[in-house]
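Trainee: With the sequences and hints as input, model every part of the structure.
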Amino acid sequence: MCLGIPGKVEKIFDENGLKMGNINYSGTINKACLEYVPEIKVGQYTVVHAGFGISIIDEEEAMKSYEAWEVLVEFAAKDGVDLYGNPLEESKDLIK
Amino acid sequence: MKYLDEFRDPVIAKQILSEIKKTITQPWVIMEVCGGQTHSILKNGIDQILPKEIELVHGPGCPVCVTPLEIIDKALAIASLPNVIFTSFGDMLRVPGSNKDLFQVKSEGGDVRIVYSPLEALKIARNNPDKEVVFFAIGFETTAPGNAMAIYQAHREGITNFSELVSHVLVPPAMTLLLSSPKNRVQAYLAAGHVCTIMGWREYEPIAKQYKVPIIPTGFEPIDILEGILLAVQQLEEGRYEVVNQYLRAVQRDGNRPAQDIISKIFEVGNRKWRGIGEIPQSGLLIRDEFSIYDAEKKFNVGNIITQESDECIAGVILQGLKKPHECPAFGKECTPMNPLGATMVSSEGACSAYYKYQRIKND
Ligand code: SF4
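So the protein sequences, as listed, match chains A and B. For the first sequence, my numbering gives the first residue as 7, with consecutive numbering after it. For the second sequence, my numbering gives the first residue as 674, with consecutive numbering after it.
For the record, the hints were derived by calculation from the structure and aren't laboratory data. Note that beta-carbon positions come from the ideal geometry of N, C-alpha and C, so glycine has one too. Don't take every hint at face value.
Some chain A residues close to chain B (C-beta under 7 Å, calculated; not the full set) [to be verified]:
(1) G10
(2) C39
(3) Y42
(4) H55
(5) G57
(6) F58
(7) I60
(8) S61
(9) I63
(10) A83
Mentor: Below is the structure:
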């Protein structure tokens, strides 16, 4: 629960009064809240934790963590689960 | 990709390792606080390549593992209520309560959904105004800013069908408790990197001083951990006990101020029970009275909860670094990830699941 994924900020927008961003994690784009990294700009990288950017890091740092992340994902997949411990099949129908 | 190569380069790992070997002259016990670090250590075999003088013991930094059984049973009761949509991080769904887990509640017809962010839970509340949406807000300082933000945002938007079942714990009081125990064996800490990203490392300075233990905020990569161990061993051998930050790329002394501000707006510090360890004074975050309409414990009266822990499970002593998972008689026999008796076998940050996954079945 305390690991975090680094991703690149592709777009910044307001949603219900919160600073949000589209974050690209090695090709997969997801939304994250950027209220805790108020100074972040498009093109910068942030460590995202449970849907929130918690720190700004430089690109090389991000590349390094990508690899660590991929290894973790692969490892979890070998056991038939995703990174949060959800069985891969079940997590598909549970996530709405 | 030069940087990446450097970080994973076994030559660099070997250099740090030989530095550790050159420095060390006597046995030392070092605790890595965070379960993410425990998994990284076992997965990368760091425990097996270190000189025999270093014993790594695994700390309580597994939020799923320390969430008290009462709260899990409450979650099960609330999730079973009609008209409730119960949302949670996926890790919590297989944690055994006294009689069942959240997956079972779901299979019995409860509306239990996995979310990756508390803001997703809030969105479900926004889209389902006729339902009560509850988010299972557990974790350390790392998840607290997100969980606080969901309440803050619900308040701003006037959403009243949203609440959180909170079991938030704080790491420094637990570190202090372990050090003050007469059974304590820990001589240095590798502190949890992302907890420090939020909170900084000022809080550790008085602990290091009072208990004379080096404290090293450390990352999760194998090289981070080796470097953290080297920084700890150098101090131990020289008789120093300072806070030295290994995780420079993500941790600053003052932490993340905007995140800390929202945490203290929504939560206040109070006593909190840790599963397997007991109540630790001032070790939890509780929803402030002014936001109590978002407190699921106050919103739902689920009656008296009578808890029943497994007789065999010794997770509590494992979380305090006093025993290793393979010393539990049930490890790998009655207790496996498919049939867990304790939360430490379920969580992706639990020491028992790490020992099972990476096959540490006996003392080497
Ligand atoms: S192996 Fe299972 S029963 Fe034993 S301590 Fe770990 S979780 Fe508890």
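Trainee: All hints are to be evaluated individually against the structure, with a verdict given for each.
Mentor: Hints, one by one, checked against the model:
no.	hint	in the structure
1	G10	holds (6 Å)
2	C39	holds (6 Å)
3	Y42	holds (4 Å)
4	H55	holds (6 Å)
5	G57	holds (2 Å)
6	F58	holds (4 Å)
7	I60	holds (5 Å)
8	S61	holds (5 Å)
9	I63	holds (6 Å)
10	A83	violated (13 Å)
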